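Trainee: With chain A's structure known, arrange chain B with the ligands on it following the hints.
Protein chains in written order, with the UniProt record's numbering: chain A, 1 to 437; chain B, 1 to 437.
Please note that a few of the clues may not be correct.
Same chains, same names: a pair is fine if it fits in one copy or spans any two.
Stated by the list, open to error - Derived pair list, reagent style EDC-like, types lysine to aspartate or glutamate, alpha-carbon separation capped at 16 Å:
no.: 1; residue 1: 427; residue 2: 73
no.: 2; residue 1: 40; residue 2: 73
no.: 3; residue 1: 410; residue 2: 366
no.: 4; residue 1: 128; residue 2: 85
no.: 5; residue 1: 25; residue 2: 262
no.: 6; residue 1: 84; residue 2: 175
no.: 7; residue 1: 62; residue 2: 275
no.: 8; residue 1: 435; residue 2: 366
no.: 9; residue 1: 353; residue 2: 219
no.: 10; residue 1: 427; residue 2: 215
no.: 11; residue 1: 128; residue 2: 86
no.: 12; residue 1: 209; residue 2: 9
no.: 13; residue 1: 353; residue 2: 395
no.: 14; residue 1: 230; residue 2: 203
no.: 15; residue 1: 353; residue 2: 31
Read the hints as simulated data drawn from the structure, not as lab findings.
Just so we're clear, the structure is a prediction, and the values are computed from it rather than from any experiment.
If you want the building blocks of each chain, they are given just below.
There are 2 protein chains.
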Amino acid sequence: MNFQYWNSEIEKMPRQDLEALQVKKLKAAVDQALKTPFYKERLTGAGIKSGDDIKTLSDLRKIPYTTKHDLRDGFPYGFLSIPKEEVVRLHASSGTTGAPTTIYFNAGDIKRWTGYVARCIYGTGCNKTDVFQNMITYGLFTGGLGFHQGGEEVGMLVIPSGSGNTTRQFRLMQDFGTTVVHATPSFLLHVESKMKEEGVSRDSIKLRKAFAGAEPYSEDTRRRIEELLKIDVYNSYGLSEMNGPGVAFECQCKSGLHLWEDGYIGEIIDPDTLEPLPDGQTGELVLTCLCREATPILRYRTRDLSSFYTDACACGRTHRRLRRITGRTDDMLIINGVNVFPSQIEEVVMAMKEVGNNYLIVLEKEGVLDRLIVKVEVGANVFMDDSRLLNALKEKIRKTLQAMITINPKVELHESGALPVSEGKAKRVQDNRPKDV
Amino acid sequence: MNFQYWNSEIEKMPRQDLEALQVKKLKAAVDQALKTPFYKERLTGAGIKSGDDIKTLSDLRKIPYTTKHDLRDGFPYGFLSIPKEEVVRLHASSGTTGAPTTIYFNAGDIKRWTGYVARCIYGTGCNKTDVFQNMITYGLFTGGLGFHQGGEEVGMLVIPSGSGNTTRQFRLMQDFGTTVVHATPSFLLHVESKMKEEGVSRDSIKLRKAFAGAEPYSEDTRRRIEELLKIDVYNSYGLSEMNGPGVAFECQCKSGLHLWEDGYIGEIIDPDTLEPLPDGQTGELVLTCLCREATPILRYRTRDLSSFYTDACACGRTHRRLRRITGRTDDMLIINGVNVFPSQIEEVVMAMKEVGNNYLIVLEKEGVLDRLIVKVEVGANVFMDDSRLLNALKEKIRKTLQAMITINPKVELHESGALPVSEGKAKRVQDNRPKDV
Ligand SMILES: [Zn+2]
Ligand SMILES: [Zn+2]
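Here chain A stands alone, though its shape is the one from the complex (with noise of 0.2 Å):
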């Protein structure tokens, strides 16, 4: 394969080397963290008086912990670290609980982000001869903006085009011949349906690749999305607490997520015990921001799980390389006592043929217990009216999720097209218990 690197210097660049260029760098943000009011206090209180406090990155376990519930009650200038009229813009994730987490720019910051996005973008192989329709919300929300920055500074022409309008999307996709789009999985899963639904032919578009995120999903989803529209897809990681998208993004060996450790200082850590683990092993992401000045974030506790690959990349990069994201430590389902992670379930789920595009994870309460209905979009090609085939299907996704998860479910078979359609993040779970019980 053809590598092509945005910043060879910096994406191939020795461990030591790296490893020194990120002590230098933390002992910056260490600097700049102190001019705001909460790390002033926190860093203090942990005997932290100035960057020269950190010697080597081990250095790093001085620093406590920034939690989400830090940010908020941070809210509004709690980090921020420089004076007001130097901001240009901020970003706010709206969050599914609770008080935005804000984030502020400068220009600078902007520009480094900005770079970020490019060097992930341009590492999947996009050059500025590419069309890069952006099918995802513009705003507040990162994921448009930064990828749309991402992708002019790449020098491909760039659509606008925002989330939603499918039927504008395939027509903007024709017109412009667009090659690579961004979007959330269950977006373009949802767009491939469409296509078949509005007899859009796959040779009427030129499509051949997609950067999806923003929502975990499964090894199974990526290969069916390939699959179905023939497209390559990249897995992209990002948080609006790290700016946004270009935190960590596939190369093209698609085996795990290089996270730009010139930029941000990756930790996996035991979410119960908050010790680090070693290379390999799964738990909390903990990421410390090193790019950004107007808000400086130290050893954030993301709540997402992952963990680094202790191999090396084929393509020579040497940072290292984060595992898909298979949940949240807070978006754990406790059923009937049983720790379950929807993304078990997608796997199952996305696995089979006979599925569909669709499916929704279903909690209810029946007298003390807790009950699990997984409502599953069977597939374009299967027939409702055939009760033999869709009884043994049932039966099959029953067992094999009882096996993954010791829980035996409801399963419902549902028309394709008939569960609801969230054209930005997907909303999987329906938690119907009552909350006080």
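Mentor: Relative to chain A, chain B with the ligands alone:
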């Protein structure tokens, strides 16, 4: 008043130098245009073989007009003058009818466009201490990204809130001390009504300025917004064919919109004879873009009606001022043979204190005659059960309208909030007359 200039040398350039600059840039624009399939044919047909055929500004008249129809015929690449791989973005206007028109930008085009928007914003007295909430759609529409870029260039804190969701907009204004917003005038009126409804106190927000554009509105509407929200409202003019926002903008004198003549050549023509009209006379605005390489457009018939002021502006800028756009040649209504512009109706309605923030023009056929119905919301302080007062108001509106447009309309009064609200461009006219008659 303390005027501030983004580029003092350019903005106050003596007319003679400004026109010499226009000639120089027009030569380059013609050369660039000759690289497109459309203009190669069109210009050669008119005897123009190179930019050198332009010697003086009056040679502009040798260039044939370009219409919306031409742009659509040239879709998708008839107006593209550079290799596709040099394009970094496209914007498309969906238009109210027909196929979208598409404009391509290279990196330099985006930079220049951003500079013009920054010039507009800075000229209203904004600076990097301002917090700018961009309450307009991001994406293919140029208004969102255009103002976003310009705002960041000025160094304001830009909140990319996008359009809609009034409750969230208030929250953002309160949380971050928003001082300036960009929105359609109809959305600003909607914001004011909602503030009352949700009990948001004026003291809880720091707003002091708004940029209003994307739809024509009357001076009375401006005054109404200014008085209700206690802010300064600046009139913005742009169109996607000329990049988007940043074409012409009010300075702090608020008497006409300075057309940035180093970037655009403006002419006013008689829409019937197509002859250029002298400054002061009202006609169709024709624009030539001097600041974009990727998609050159010469002598574009905007269909917008305006005229140039003939006196100098107190701000010292030498760039001629356009009168606010009062309508478009193609939104003129023909009612029983009489020409009526929706703006004439708006002017009457919005000047009345008893009238609320929304109205709708409906056209119907009664036998062979057209029937004009003007639906008007009453102010929040008008009681709908005081029938004497309501009848008097109705009669007052009817009479004033008849005096203005010579047609006797049916006037309907509605409760505050009863008429449909659009969060993007307002739809003020509902023409229910059969199309074939
Ligand atoms: Zn790699
Ligand atoms: Zn002026």
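Trainee: Compare the structure with each hint and give your call.
Mentor: Results for each hint:
{"no.": "1", "hint": "427 <-> 73", "verdict": "neither (27 Å within a copy, 43 Å between copies)"}
{"no.": "2", "hint": "40 <-> 73", "verdict": "within (15 Å within a copy, 62 Å between copies)"}
{"no.": "3", "hint": "410 <-> 366", "verdict": "within (13 Å within a copy, 61 Å between copies)"}
{"no.": "4", "hint": "128 <-> 85", "verdict": "between (35 Å within a copy, 5 Å between copies)"}
{"no.": "5", "hint": "25 <-> 262", "verdict": "within (8 Å within a copy, 44 Å between copies)"}
{"no.": "6", "hint": "84 <-> 175", "verdict": "between (43 Å within a copy, 14 Å between copies)"}
{"no.": "7", "hint": "62 <-> 275", "verdict": "within (12 Å within a copy, 77 Å between copies)"}
{"no.": "8", "hint": "435 <-> 366", "verdict": "within (14 Å within a copy, 60 Å between copies)"}
{"no.": "9", "hint": "353 <-> 219", "verdict": "within (14 Å within a copy, 63 Å between copies)"}
{"no.": "10", "hint": "427 <-> 215", "verdict": "within (10 Å within a copy, 37 Å between copies)"}
{"no.": "11", "hint": "128 <-> 86", "verdict": "between (32 Å within a copy, 7 Å between copies)"}
{"no.": "12", "hint": "209 <-> 9", "verdict": "neither (26 Å within a copy, 47 Å between copies)"}
{"no.": "13", "hint": "353 <-> 395", "verdict": "within (15 Å within a copy, 69 Å between copies)"}
{"no.": "14", "hint": "230 <-> 203", "verdict": "within (11 Å within a copy, 56 Å between copies)"}
{"no.": "15", "hint": "353 <-> 31", "verdict": "neither (54 Å within a copy, 57 Å between copies)"}
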